[in-house]
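Undergrad: For reference, the chains in residue letters:
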Amino acid sequence: MEQFLQQVVNGISLGSIYALIALGYTMVYGIIKLINFAHGDVYMIGAFVGFAAITYGKMGFFPALLVAMISCAIIGVVIEKVAYKPLRNSTRIAALITAIGVSLFLEYVMMFFVGAEVRSYPKVLTEKAFHLGSVVINMQQIYIVLTAIALMILLQFIVHKTKTGKAMRAVSIDPDAAQLMGIKVDSTISYTFAIGSAFAGAAGVLVGIYYNSIDPLMGILPGLKAFVAAVFGGIGSIPGAMIGGLTIGTMETFVSGYGNSMYRDAAVFLFLIVILIIKPSGLLGKNTREKV
Amino acid sequence: MLEIKNLNVYYGVIHALKDISLTVNEGEIVTLIGANGAGKTTTLRTISGLNKTTGGEILLEGKAITYLSAPERVKLGISQVPEGRRIFPEMTVFENLELGAYLRKDKNNIKKDLENVYQRFPILAERRRQTAGTLSGGEQQMLVMGRALMSRPRILLLDEPSMGLAPLLVREIFSIIKDINEAGTTILLVEQNASMALSIAHRAYVLETGSIVMSGTGEELARSNEIQKAYLGGE
Ligand SMILES: Nc1ncnc2c1ncn2[C@@H]1O[C@H](COP(=O)(O)OP(=O)(O)OP(=O)(O)O)[C@@H](O)[C@H]1O
Ligand SMILES: [Mg+2]
Numbered sequence: 001m002e003q004f005l006q007q008v009v010n011g012i013s014l015g016s017i018y019a020l021i022a023l024g025y026t027m028v029y030g031i032i033k034l035i036n037f038a039h040g041d042v043y044m045i046g047a048f049v050g051f052a053a054i055t056y057g058k059m060g061f062f063p064a065l066l067v068a069m070i071s072c073a074i075i076g077v078v079i080e081k082v083a084y085k086p087l088r089n090s091t092r093i094a095a096l097i098t099a100i101g102v103s104l105f106l107e108y109v110m111m112f113f114v115g116a117e118v119r120s121y122p123k124v125l126t127e128k129a130f131h132l133g134s135v136v137i138n139m140q141q142i143y144i145v146l147t148a149i150a151l152m153i154l155l156q157f158i159v160h161k162t163k164t165g166k167a168m169r170a171v172s173i174d175p176d177a178a179q180l181m182g183i184k185v186d187s188t189i190s191y192t193f194a195i196g197s198a199f200a201g202a203a204g205v206l207v208g209i210y211y212n213s214i215d216p217l218m219g220i221l222p223g224l225k226a227f228v229a230a231v232f233g234g235i236g237s238i239p240g241a242m243i244g245g246l247t248i249g250t251m252e253t254f255v256s257g258y259g260n261s262m263y264r265d266a267a268v269f270l271f272l273i274v275i276l277i278i279k280p281s282g283l284l285g286k287n288t289r290e291k292v
Numbered sequence: 293m294l295e296i297k298n299l300n301v302y303y304g305v306i307h308a309l310k311d312i313s314l315t316v317n318e319g320e321i322v323t324l325i326g327a328n329g330a331g332k333t334t335t336l337r338t339i340s341g342l343n344k345t346t347g348g349e350i351l352l353e354g355k356a357i358t359y360l361s362a363p364e365r366v367k368l369g370i371s372q373v374p375e376g377r378r379i380f381p382e383m384t385v386f387e388n389l390e391l392g393a394y395l396r397k398d399k400n401n402i403k404k405d406l407e408n409v410y411q412r413f414p415i416l417a418e419r420r421r422q423t424a425g426t427l428s429g430g431e432q433q434m435l436v437m438g439r440a441l442m443s444r445p446r447i448l449l450l451d452e453p454s455m456g457l458a459p460l461l462v463r464e465i466f467s468i469i470k471d472i473n474e475a476g477t478t479i480l481l482v483e484q485n486a487s488m489a490l491s492i493a494h495r496a497y498v499l500e501t502g503s504i505v506m507s508g509t510g511e512e513l514a515r516s517n518e519i520q521k522a523y524l525g526g527e
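In the order they appear, the protein sequences are chains B and D.
Heads up, the first sequence is in the working numbering, so the first residue is 1 and it goes up one at a time.
Heads up, the second sequence is in the working numbering, so the first residue is 293 and it goes up one at a time.
If you are wondering where the hints come from, they were derived from the structure by calculation, not from laboratory data.
Computed from a predicted structure; not experimentally measured.
Hints may be right or wrong, so weigh each one.
[Said to hold, decoys possible] Quick list of in silico lysine to aspartate or glutamate cross-link-like pairs, EDC-like style, CA-CA up to 20 Å:
#: 1; chain 1: D; residue 1: 344; chain 2: B; residue 2: 176
#: 2; chain 1: B; residue 1: 163; chain 2: D; residue 2: 387
#: 3; chain 1: D; residue 1: 344; chain 2: D; residue 2: 364
#: 4; chain 1: D; residue 1: 404; chain 2: D; residue 2: 387
#: 5; chain 1: D; residue 1: 344; chain 2: B; residue 2: 174
#: 6; chain 1: B; residue 1: 161; chain 2: D; residue 2: 382
#: 7; chain 1: D; residue 1: 470; chain 2: D; residue 2: 320
[Said to hold, decoys possible] Chain D regions said to be covered by chain B (calculated; three or more residues, Cβ under 8 Å):
#: 8; segment: 353 to 364
#: 9; segment: 370 to 381
#: 10; segment: 385 to 393
[As the list claims (entries may be wrong)] What follows is a set of in silico ranges between Cβ atoms, one per label pair, in the way DEER data are often shown:
#: 11; chain 1: D; residue 1: 318; chain 2: B; residue 2: 279; range: 51 to 59 Å
#: 12; chain 1: B; residue 1: 108; chain 2: D; residue 2: 315; range: 56 to 64 Å
#: 13; chain 1: D; residue 1: 304; chain 2: B; residue 2: 108; range: 32 to 40 Å
#: 14; chain 1: B; residue 1: 105; chain 2: D; residue 2: 476; range: 51 to 59 Å
#: 15; chain 1: B; residue 1: 4; chain 2: D; residue 2: 425; range: 40 to 48 Å
Glycine included, C-beta positions come from ideal geometry on N, C-alpha and C.
From just these sequences and the hints, can you work out the full model?
TA: Here you go:
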């Protein structure tokens, strides 16, 4: 039982991080129908920016988080403007291939500047841990979960209560109709990239703190898993991405906790295959949109 | 108020609008009728800035708007009810109407206009918290019209507002269009229901495979033999 609870705790921490990354995938997909394969690399950049802010900038957790989020927001917007916008009216496969290209570009540019070696993340949070029976909840996990929850509440607020958020929803539903309302599609897409990338940046810092190591290729696997999370939740659906992230995170910790950690990645992708067979539109996804 | 001069629009190699010219004067209802694929929707989309032109000019109150973006044209007072009731189905009725006023900042007047829309379409007031996708076809049509009015347009472009509605509802929609016009909004109405459209229009144009082939007052066209044959099912 305690082993079970411990895995739940670990799963929720890891899952919150996946959920943060998955949100970016799902928001970008929702608005331009592109699987932004470079998203995992934006998360990697976030981890490095956080690393630099803490190590060289001597910043604490929250300032470093903020710096990472802002930097990633800017990088996300630039990627969209430079790489994806020119392809907006071309085929989806062309955009997808470009996304993969951007992903490789970011990975190897980063490697060029910082080298390929794994770095250990500086300690910014206390090592304090709480023991509830034999279940251990450490401070990092609490920070991760609270940060993720705060960001998700913020996102819900932006999407449902602000003008920009409403514009984002309108553009993702029907870009032409949105333009007829006076909504600027280009800037709305930029906002979406900025928010999604900022969340990935936050996830990067959190994961650096959690696993205590970062490297230029660290974005690949979590990126793919977050993508699975987004697909599981129903790509395009924000609540879906949150649920998907938590599910994938928990599943992964359970597989490594009870089975063999060697199989945890395989389990995630097996899960993807199963979802795609059983419910291709995901948990909260729509099959097709009705157009009268 | 709105003047189109020698407008040309292509979809790839398809020449969808061939040198069309038309004028809508302040306070008028002008209708554009024509068969399927004649280019009616293309005309409205081009006026709204959703389609690019390859030649010609669009003037609003004498000023060229040919190269302005769609949102800039909304700001200048051009509002469109697009073909096929393009509501935002996952959003509530209220949110849909709110988006209609997206560019406006005059909160008090927006509130007033919202009340007016609810007054004009009481069913929308009743359903304001419901997601728009759950509305019936007729209610959705009222919602898009209400939404278009929320921008306080100077000119309202309507693309087949009667499509797919029961005859009783068609009559209601047309009488609402007339009301909106009498309340001071200029209207350009695209319709396949030519008899209804001609009965409320001050003037009309007939579009055939991308060209304007006839124009005149609503009455003139309703009486014309060719129109009778082609669009009104008469002999
Ligand atoms: N996106 C598009 N790509 C290619 N061709 C198009 C596109 N939209 C319209 N067309 C073509 O342009 C012509 C005019 O179409 P348009 O939709 O303007 O006609 P319409 O008069 O509105 O017809 P309807 O009464 O059926 O709505 C048609 O031949 C149509 O096939
Ligand atoms: Mg049409």
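Undergrad: The structure should be examined with respect to each hint, and the outcome stated for every one.
TA: Now the hints, each set against the structure:
1. 344(D) to 176(B): Given that 20 Å is the threshold and the Cα spacing comes to 13 Å, the pair holds.
2. 163(B) to 387(D): Given that 20 Å is the threshold and the Cα spacing comes to 10 Å, the pair holds.
3. 344(D) to 364(D): holds, 14 Å
4. 404(D) to 387(D): Satisfied, since the Cα-Cα distance of roughly 16 Å is no more than 20 Å.
5. 344(D) to 174(B): holds, 19 Å
6. 161(B) to 382(D): Satisfied, since the Cα-Cα distance of roughly 15 Å is no more than 20 Å.
7. 470(D) to 320(D): holds, 10 Å
8. 353 to 364: With 3 residues in contact (Cβ-Cβ under 8 Å with chain B), the coverage given for the segment 353 to 364 of chain D holds.
9. 370 to 381: holds (count 9)
10. 385 to 393: holds (count 4)
11. 318(D) to 279(B): 51 to 59 Å: holds, 55 Å
12. 108(B) to 315(D): 56 to 64 Å: holds, 60 Å
13. 304(D) to 108(B): 32 to 40 Å: holds, 38 Å
14. 105(B) to 476(D): 51 to 59 Å: holds, 56 Å
15. 4(B) to 425(D): 40 to 48 Å: Roughly 41 Å apart at Cβ, these two residues keep to the hinted range, so it holds.
Checked against the numbered hints listed earlier, the structure breaks none of them; every hint is satisfied.
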